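Take a look at the letters that make up each chain.
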Amino acid sequence: MSSSLDKLLANPRVWRGSDQAGQKAGLATGYLELDRHLPGGGWPPASLTEILTAHYGIGELRLLMPALARLSTASPQHDFTEPGWIAWVAPPFQPYPPALQQCGIDLSRMLIVRPKNASEILWSAEQALSSGTCAAVLLWPETLDDQASRRLQLAAEKGRSWAIAFRPLAARQQNSAAALRLELHPEGTSHSSGQGTRVHILKSRGGRPTVLSSLI
Amino acid sequence: MRRACKPPVMGREAAPTSLAVQQDLPLVGAAVGAATGREAQQRPQGRQEISTRGKSRPMAAPTVAPVEKLWFCVWLPHLPLESVGAAIGRDTGSQPMAAPTAVVEEQHGIHRILLADAEARAAGVMPGQAANAALALLPALELEERSLLREQQALEGLATWLERFSSFVSIADHNVLLLEIAGSLCLFDGLQALRQEISRGLRELGFTAMPAIAPTPLAATWLARSGRRACIRDETNLVPALRKLSIACLNWPAALCEALTGMGVTTVGDCLRLPREGFTRRFGAEYLLALDRALGHLPDPRNSWRSPERFCADYEMTEEQVDREVLLNICNELLQSHEQFLLARQTGTQRLCFSFFHLKGPATELRLGCAQAERSASRWFELLGIRFEQLVLPEPVIAVRLRSGMAQALQAESGTLSFHGKPGAQQQRFSITQLAERLIARIGDQSVQATSMVAEHRPHYAWRSQSLLSDWSSNTLDEPAQYLQRPLWMLPEPALLPADSGCPIHQGCRLRFIDGPERLETGWWDEDGISRDYYTAAGQDGRRLWVFRNRNRTSSWYLHGYFG
Chain B
1 MSSSLDKLLA
11 NPRVWRGSDQ
21 AGQKAGLATG
31 YLELDRHLPG
41 GGWPPASLTE
51 ILTAHYGIGE
61 LRLLMPALAR
71 LSTASPQHDF
81 TEPGWIAWVA
91 PPFQPYPPAL
101 QQCGIDLSRM
111 LIVRPKNASE
121 ILWSAEQALS
131 SGTCAAVLLW
141 PETLDDQASR
151 RLQLAAEKGR
161 SWAIAFRPLA
171 ARQQNSAAAL
181 RLELHPEGTS
191 HSSGQGTRVH
201 ILKSRGGRPT
211 VLSSLI
Chain L
217 MRRACKPPVM
227 GREAAPTSLA
237 VQQDLPLVGA
247 AVGAATGREA
257 QQRPQGRQEI
267 STRGKSRPMA
277 APTVAPVEKL
287 WFCVWLPHLP
297 LESVGAAIGR
307 DTGSQPMAAP
317 TAVVEEQHGI
327 HRILLADAEA
337 RAAGVMPGQA
347 ANAALALLPA
357 LELEERSLLR
367 EQQALEGLAT
377 WLERFSSFVS
387 IADHNVLLLE
397 IAGSLCLFDG
407 LQALRQEISR
417 GLRELGFTAM
427 PAIAPTPLAA
437 TWLARSGRRA
447 CIRDETNLVP
457 ALRKLSIACL
467 NWPAALCEAL
477 TGMGVTTVGD
487 CLRLPREGFT
497 RRFGAEYLLA
507 LDRALGHLPD
517 PRNSWRSPER
527 FCADYEMTEE
537 QVDREVLLNI
547 CNELLQSHEQ
557 FLLARQTGTQ
567 RLCFSFFHLK
577 GPATELRLGC
587 AQAERSASRW
597 FELLGIRFEQ
607 LVLPEPVIAV
617 RLRSGMAQAL
627 QAESGTLSFH
637 GKPGAQQQRF
647 SITQLAERLI
657 ARIGDQSVQA
667 TSMVAEHRPH
677 YAWRSQSLLS
687 DWSSNTLDEP
697 AQYLQRPLWM
707 LPEPALLPAD
717 SGCPIHQGCR
727 LRFIDGPERL
737 ETGWWDEDGI
747 SRDYYTAAGQ
757 DGRRLWVFRN
767 RNRTSSWYLH
777 GYFG
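Residue numbers (our numbering), protein chains in the order written: chain B, 1 to 216; chain L, 217 to 780.
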């Protein structure tokens, strides 16, 4: 009776939402509230994550640090010959090694790439992602259109690497193939304790959009 | 490398001269004096009673058996023509020469044919002909100017190739190569097999070679020039073989040969019968010396050819080329020979440099780097492909040169066997060095960096970036100082902040201090001392900033980083 249904579902063109949700265990973010709202309980592995901010330096790195620290010090898996390299492609400033070490990042596994133009940024990121040696690739692209984000997503899947693209708020209007899109807003300076950062989940494959305030 | 002083292992015939040498080795004049009388007496009786002289052997007391040497001589009579052929054959995709070819040399202002290939000879082109006459006979004839440089390069290439048969290869003349093969016989399964292998290899390389084997280098050379393909292993057979040689094979000056022929001396045997003193006086000591060396009575040390440790090869084209595909193919060919070169030495190299020469203007250079010593042509070609896409060639290219960097021992990589049986998981994975090489090839050496910590309290000296290509070790400090507030983002240079009555302003808003001050001072040892008070400050836009004020100079505020 159900054989025709099974046949239909076996067709690769049929996409089922339930395949995605919770299928792969996520990479724990280190922030319990964020983990709760992400499918798989953490950052989506082997895919592209986009983080949109108005400025650099409002906490976007702090958000990633616990997960990156765990990646860079992870012990080698048997099918992962050289894990844990973290590539920084076209960072806007110098990632400061003493602070990174304080966060628990293994500095001997950091690769900083400073390409000269937009196309080289994407090329370098794609190479790093698909090489299979980088556990995470952080990139600051000048532009990232739909096609480029799809390429990065595919490269991340191929190399089983985590791609994180940092983009301006204006990119919110553009389509993207990213599995997860976050928007970061500083919370008002009226708080006496300094400031927190509000995380807005714009898109989450297998999850649902939400707003988390005062996360970091 | 010849034995320093050879005890006279003479045959019966060789006695007179060897005796003379024995008594007073380096002074040929004295030796001649001792020998002359006897030689003069014995001349009429000739060969037969020379053999009786062998009885004077007791004088010689060979205590240690000398190490036998055996010399393989390769004489390349058609080198001027064949070195052209090698170059042309390569240019046109290693197919044999299509047109009949001849090499011309200028003699007294007239271009004369030096050598012609079989096709040209069949049409009647003869060596010595004027170039115009040859062209009249065969209009399709391609004339090539003789190039000694090209010949030398071909010869050196052959010497390098011959090094696989012997550790001692010597370039004896402009078209003669010598190998010492006594030590190689065992390895190559005997003399016959070795000789066949060398001959076959030379033939495949496109060279006509006249081989000869003899116990002394000079004898081997002379025998090779005679074209008899002689093979003499035993020193006792050397003299009879040399006696028959015409003096034309000795490559002595034409005037000398003429004089000798005029005296009725036409063979080496005739020369040996002449009185030594008279021979020296008339023709000079060097020729007597040569005879003694050929017979093995005097040591004949040779220089060993050492192929260069670094690879450098040119590829010259007959016409200018703009097609990038063709240029890439040429580069690939150079890389292949580079791989062969490194393979023979079991080394690799980290750097390569391609030079593309133009007819006008300076050459365009393309440098490639590798994180580890590498010799595989395919790896290098992959890196070249990435860089070549971006290379701007201002003009057509006429020649390509490949130079390699310092040779290094190869570090072999060990692979892993997969016992986990997941075929999909065993996809091709790069190592980080391969990734770094690819990135460096495309975006440049300075743009790909690793970082490490430095034990230093001044913020801008507390780290350094390193090239991934050099050997780098990341000396991470064991215990990060957790109590210090350090920003994740550092500005390349501190940025001056405007101030309003002592309070710094960032993007139009006064900053609010959250933490600080942290005083960082001194650095007198390198004349870059600082004296700063660092604060953590909050800006209007939600960023946390790391700012400082100089204490001893002006009290301006600077922004040094963001907490990210």
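In short, the hints are calculated from the structure, not lab data.
Predicted model only: the values in this text are computed from it and were never measured.
Among these hints, one or two may not hold up.
To be verified - According to the in silico footprint, chain B covers these stretches of chain L (three or more CB under 8 angstroms from chain B): (1) 371-384; (2) 591-601; (3) 651-657.
Unchecked claim - Computed spacing ranges between beta-carbons, pair by pair: (4) L:Phe-729 <-> B:Ser-214: 56 to 62 angstroms; (5) B:Pro-209 <-> L:Glu-737: 20 to 26 angstroms; (6) B:Leu-32 <-> L:Asn-768: 46 to 52 angstroms; (7) B:Leu-202 <-> L:Glu-743: 29 to 35 angstroms; (8) L:Leu-559 <-> B:Gly-41: 49 to 55 angstroms; (9) B:Ala-54 <-> L:Tyr-677: 45 to 51 angstroms; (10) L:Glu-737 <-> B:Ala-54: 55 to 61 angstroms.
For each residue, glycine too, the CB sits at the ideal point set by N, CA and C.
Exercise for review: May I ask which of the numbered hints given earlier this structure violates, with the numbers listed in increasing order?
Suggested key: Numbers 1, 2, 4, 5, 7, 9 and 10, in rising order.
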